[in-house]
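Trainee: Spelled out, the chains give:
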Amino acid sequence: MIRPEDKGLKGKEQMSRPKGSVLVVGGGIAGVQAALDLADSGFYVHLVERSSAIGGSMSQLDKTFPTNDCSACILSPKLVEAGRHLNINLMTLSQVLGVEGEPGNFRVRVRKNPRYVDPEKCIACGTCAQKCPKKVPSEFDLGLGTRKAIYLRYPQAVPLKYAIDADACIYIKKPGRCGFCQKVCPTGAINFEDRPEEITLEVGSVILALGFRPFDPSGLDFTGYGTLKNVVTSMEFERLLSPSGPCMGHMERPSDKKEPEKIAWLQCVGSRDVNRACHGYCSSVCCMYAIKQAVIAREHSESGRLSSSIFFMDMRTHGKGFEAYYERAKREGIDFHRARVHTILPAPNENLRLRYSGEDGEIKEEEFDLVVLSVGLETDPEVMKLCHSLDVELDHDNFVSTSPFTPVATSRPGIFVCGTLAEPKDIPQSVMEASAAACGAGSILHESRWTETRKKEFPPEKNVYAEPPRIGVFVCSCGINIASVVDVEEVTQYARTLPGVVFAQNNLFTCSQDTINQMVETIKKEGLNRVVVASCTPRTHEALFQETLREAGINKFLFEMANIRDQDSWVHQKWPDAATRKAKDLVRMAVAKVRGDEPLPYNHVSVTKRALVIGGGVAGMVSALSLADQGFPVCLVERKDSLGGHARKFYRTWQGRPMQDYLEELVRRVETHPEIDVQLGATIEHVEGSVGQFRTRLSNGFEVEHGVAIVAVGAESFKPRSGPWNYLYGKNPNVHTLLELDQRFIRDDEALKGLSQAVFIHCVGSRVPERPYCSRVCCTHAIDQALKLKELNPEMDIFMLYRDIRTYGKREYIYQEAREKGIVFIRYDLDNLPRVNEQDGNIVVDVIDPIIDREVRLHPDLLVLASAVRPRDDVGELSKLFKCTMTEEGFLLEAHMKLRPVDFATDGVYLAGLCHYPKPVEETISQAQAAASRASLVLSRDAVPAESVTAVVNVMKCTGCAVCTQVCAYHAVTIDKNSGKAVVDTGLCKGCGACVAGCRSDAITIKNLGNEQIMAAVEAAMEE
Amino acid sequence: MEKEIVDLSSIRARVKRQIEKAVPDAHIDYCLTCGLCASGCPASGIEGLDPRKFLRLLVLGQDQEILETNWIYSCTMCQRCRYACPMGIDVGRIVYEIRGMRPREKRPKNLQRSCDLQKQSNSTGIPNEDFVWVVNDVLEEVRQNEPQWKDLQAPIDKKGALYYLNQNAKEPTVEPEEMVPLWKILHVAGIDWTYSSKWWDGANYCLFTGDPEDWEYTVRKQAEVVDELGCRYYINTE
Amino acid sequence: MFYATLEGLRRFNIPHKFEFISVISLYAQLIREGRLKVDSSWNREGLKFTCQDPCKLVRQGLGDVVADDLRFVIKAVAGEENFVDSWPRLSNNYCCGGGGGALQAGFVENRRRYGRVKFDQLASTGADVVITPCHNCHTQILDICDFYGGKWKTTHLWNWLEKALVLDDKA
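Chains as they are written, first to last, in our numbering: chain A, 6 to 1029; chain B, 137 to 374; chain C, 11 to 181.
Because the hints were derived from the structure by calculation, they are not lab data.
These figures come from a predicted structure and were not determined experimentally.
Treat each hint with caution, since some may be false.
Below, simulated EDC-like cross-link-like pairs (lysine to aspartate or glutamate); rule was C-alpha separation at most 20 Å, straight line [what the hints assert, rightly or not]: (1) C/Lys27 - B/Glu364; (2) A/Lys826 - B/Asp161; (3) A/Lys369 - C/Glu17; (4) B/Lys286 - C/Asp178; (5) C/Lys47 - B/Asp287; (6) C/Lys163 - C/Glu91; (7) C/Lys173 - B/Glu282; (8) B/Lys306 - C/Asp153; (9) B/Lys245 - C/Glu55; (10) B/Lys295 - C/Glu29; (11) B/Lys157 - A/Glu825; (12) C/Lys47 - B/Glu364; (13) C/Lys163 - B/Glu282; (14) B/Lys157 - A/Glu822; (15) B/Lys255 - B/Glu265; (16) A/Lys795 - B/Glu183; (17) C/Lys163 - B/Glu313; (18) C/Lys27 - B/Glu313; (19) A/Lys369 - B/Asp287; (20) B/Lys294 - C/Glu29; (21) B/Lys357 - C/Asp178; (22) A/Lys234 - C/Asp95; (23) C/Lys173 - B/Asp161; (24) B/Lys357 - C/Glu119.
Covered stretches of chain A, as calculated for chain B (at least 3 residues, CB under 8 Å) [claimed, not checked]: (25) 276 to 288; (26) 378 to 391.
Partial pick of chain C residues on the chain A-facing surface, computed with a CB cut under 8 Å [claimed, not checked]: (27) Ser51; (28) Pro98; (29) Leu100; (30) Ser101; (31) Cys155.
In this text, a Cβ means the ideal position worked out from N, Cα and C, and glycines have one as well.
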């Protein structure tokens, strides 16, 4: 990566300048994302983690919703990246003791607890743990499995270094008694003399990302948890499903290790319970994870007979893609019961009996062989203590207090928060906030960008064109992972016989630091010019080995990996001979392929340091300001004649903060900011270029060059002028949408005080066949409005006709407040819709109350329709201009639903706000800040790397048919007007190969993936 | 139950409001209609009601139905629903209030009679002298027939005894020999105890009729007796 | 009724000098202190015991503490191995259906319908003896046992405690 040189400020300037480093506390997904964003945008990061490895709760999950991605698989690369990052100082087994000072200049005391294993020497071979005689329950498996006193937190732990649990270790408790690990460690890494150490760090800002702990249901005797063996928590069930869990993913129930055939999930255990759990909030994620577990459990079921039932109060599938996931689960036969169960009863054979009441009051009983308690999220008492000592304010549920307009700022300036520490939330939301917190933490330090970072220097690369291939093969044992199945020595010897191979060696752990160092020396000494590593997966390790080549002065593309672990030893454990043969085949193929590899250039695109922000609503303005405040120029484009967007129509946030005051200040700041150029009444006409260098033409003829773009074009409110959701809208003057009522609030409409009865209908046009998603904001908005009406006239009768109340997180409290104030909630179903009629100009609403199963007739003088948030119709055009994709519903689609929530698949383009999905203002703001953070990764650099493995056109063969230009998803191929031949823009090309497949003339190839090379590998595979 | 339209031009819910006045933390409106109470209540289905439906009728102001249903006498006010209710709603307490709202003449006769008798002396209505006589008679019999228990005690109105013991009226009335085991146990343990000749009944049905004045009166009387005797501990036999 | 007095003293703020205790707690205390010596060897046949947790004493009264005391005493009296617990239990146990004045109120059919839950629960323990430390529970459980054809014996605790007493010579 190319970065500006150290600004080299001296003397007085240096004294007043803030620190260029940040402390991130907590190594879960939020902390890791914040650390990566900061480290990649010019700040040095100290990442402090309490346990022996980063990864947090996400590493314990089996799959993630709604994509059913393997959690460890999508998380691992991020952890590896953080673990290897030159500008991230990873401090595991460490605790923050105190933070003193001011924003820009904090002193942090950190205690590093002893690992008793020297991480420099440990190669994670596992011999120590094999010999260690002391077994203790594994925290990672929540006590369902065991680990040794010397242990790895989990198999993919980062750092992949063992640690000794002093509380369990026989030697540490009684020196001289055991010490086996020390005797067997091949590298002498065990250090019983390790002692705690207190250090002081100087940082400019702090991010708290300390996560949550799952609610412990032991105190809820009626669940039977702790007594009835087959009652487990949802987190325990994740471990039961996980391939790295105590039953290797075979899904066994605790009592008899039998595969369950009937599982029930009980929702809201430790959430929405002010009586026994003392947690009045909703934990936001449990509905979705329960559905996910029910779906995944079926996949795990070897008998294929698994039946799953979910017992819930309100099904809260309010996120992007969640409602569709819920509907699919229903179609797939998962039973959903709208019922909370009083007590889990034992049944014969350690089974469990649930007695529940249908909505109609009919009592039913069903037997299950496993019950999963969908436990909520809460703050760890240790974390509370830390927050108190840092003077960071907590709310009454012990989550960090934040404000809707500064969603990642804590009560203490310079200290930011992200993830579940502030409120229960899902992974994408946590990741979004992590980037937002990075934006906040970086903003106050922006003038010190790149002042404390380190830069990797590589020796000049050797020219290998003239040389015959001199291939080195490194065969990894991966501890026992590979060597226990594959005869690695035989594979190594075999490798030596392959053409071009001049060196082959077997290593216990090829990725260990000492082996890496040795590999550099070997490459130099043996004069190697191509390298094959036969080990694990390129997904986690390719970058490491490629960097090793560069350290040895070899172009990093002269490298291949043969995956003899994931694709061989792990899957063919029972057939070691065949596995050894397969390992040889894979090595032979890799050698054949690497022989033809050529050095490729490290392409770069220089960066135009300006951002284009499209949309002048809250999302657009916040992201523009977030960038401009860091000194990056911004061009803000708004199609209307004034800034403000959707928020103009909003009365207040659900926390009661007036929207218009905030908006006015926001607009003023944007309009007066010297770095922001506002283009009103303009839309995007044409876009060309790619990350670092975009050129965009606006409808007003203005042309702007920019390095990045943020799309924040908002959405619209659905107006049910006709059709099934009309409910007299537009026909009776007393029927409003939510925003129309908000406008009456904004103008202090006195008439509202005189109303005697108001009725709200929820889900008007949401969660219906033509718009199958949940609009996320309407439940909260409608309830807040009902409360406002109660403020205006406490005597007003108010009825909320709803399908599921989705006041997730802390919003649950306004639902509770609404009930407390006598607002009556009546549930309806799609097959039993409320009927709205007019009688002599008066509105009459009929609805069936399902609890007493009687028709209720209401006579509102105000009927409010909580109508859907719908995507803008023109968003499709815009997405095409930036080569972005859309969901079926018409919202813009991010690069990855889970871990890249504000990035588009197109590099350098980001999204924020309602165009992504309906969301309340606090989430819009954090997403806007997150988009700014992601954009600053590009803007903070002078140049960004571009793909090296790109397509090349053989002009001799090219007929100029232009098929390639049509199949290229990145618009990287064009037909040159002069030559009539295809030309590839290497700045845009991703090396996907679509053009190669599409070319009829065989004229396009991908570098290092040409036909000859592929065929060489294929032929090698066929050889014996 | 007949299905009629519940017309809510305005919800008065007078019964609900009355309860809320008497019990500020009744939290009737907090109900999430989750059905947990109904699933755990043995009275669910009786008289076509369950705790959730019952609360719902209150919330929707169906006062007449609430005041007329005999479900309030199937609910034993056991508070098991409240024990696990996420909102901690105390249906038992609400039922208590509604029982009290019934005019006396419309309450179950025997229940009201038990309380009325209790207010005079004890729930069975046997005279206090009879209680004293029965205790002494039974004690005498044991002392005579069982030589190893010749020193057995059953003191009544013993001032300054460390323990006061109440006695469910059922035993002296219908199965007096059932009193003896406890006497023996206390004797073996060397407990210094006494009965009282007044307000000695361990049962108390005034809790169930719904009239706080009656309930208060009977408890106050018991407390006075025990304090008069100067006992440090009041042992309840059930 | 334990709760009637306990809650009455509390709710009406009735002044009193005494400490209000349950006889069950007293039994447990006396056994623990060695003032009552009990021996379960009388139970050679291995009669199985279970118990009812009276709502007024346990859930509404003293909570799990007194329910644990109850079990402690029964186990001491009848033998540890001869106690079979029910589920739900302790503070979460079902009401027998005789409480709250139900035995006096007269709705016999309703009362027995209510008691069906308790009957099934107790029957499923397979116990020979059900200890009922409350008169209401005693009457109701006796009735539902008879009505639904149960096989157990419904009794107070003191009968068995008396049976298990180890008497010093002087007694």
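Trainee: Given the hint that lysine 173 of chain C pairs with aspartate 161 of chain B, test it: the Cα-Cα distance must not exceed 20 Å.
Mentor: Not OK: lysine 173 of chain C and aspartate 161 of chain B at ~47 Å, beyond 20 Å, violated.
Trainee: Between lysine 826 of chain A and aspartate 161 of chain B, is the straight-line Cα distance small enough, at 20 Å or below?
Mentor: Holds: lysine 826 of chain A and aspartate 161 of chain B sit about 13 Å apart, inside 20 Å.
Trainee: Quickly compare the C-alpha distance for lysine 157 of chain B and glutamate 825 of chain A to 20 Å and report which way the hint goes.
Mentor: holds, 14 Å
Trainee: For the restraint on serine 51 of chain C, tell me whether the closest CB of chain A is nearer than 8 Å.
Mentor: With a minimum Cβ separation of about 30 Å from chain A (threshold 8 Å), the hint on serine 51 of chain C is violated.
Trainee: Are lysine 369 of chain A and glutamate 17 of chain C close enough, with their CA atoms no more than 20 Å apart?
Mentor: violated, 35 Å
Trainee: Tell me if the straight-line CA distance from lysine 27 of chain C to glutamate 313 of chain B falls inside 20 Å.
Mentor: violated, 32 Å
Trainee: Is it true that the CA of lysine 357 of chain B sits at most 20 Å from the CA of glutamate 119 of chain C?
Mentor: Distance ~35 Å between lysine 357 of chain B and glutamate 119 of chain C Cα, so the pair is violated.
Trainee: Using a Cβ cutoff of 8 Å, are there at least 3 residues of the stretch 378 to 391 of chain A near chain B, or does the coverage claim fail?
Mentor: violated (count 0)
Trainee: Does the alpha-carbon distance linking lysine 47 of chain C and glutamate 364 of chain B stay inside the 20 Å limit?
Mentor: violated, 33 Å
Trainee: Could you grab the alpha-carbon distance between lysine 369 of chain A and aspartate 287 of chain B and see if it respects the 20 Å cut-off?
Mentor: Violated, at about 58 Å.
Trainee: Please verify that hint: serine 101 of chain C, Cβ, nearest Cβ of chain A, below 8 Å or not.
Mentor: holds, 7 Å
Trainee: Taken at face value, is the distance from the CA of aspartate 95 of chain C to the CA of lysine 234 of chain A at most 20 Å?
Mentor: Distance ~16 Å between lysine 234 of chain A and aspartate 95 of chain C Cα, so the pair holds.
In summary, the numbered hints that this structure violates are 3, 9, 12, 13, 16, 18, 19, 21, 23, 24, 26, 27 and 31.
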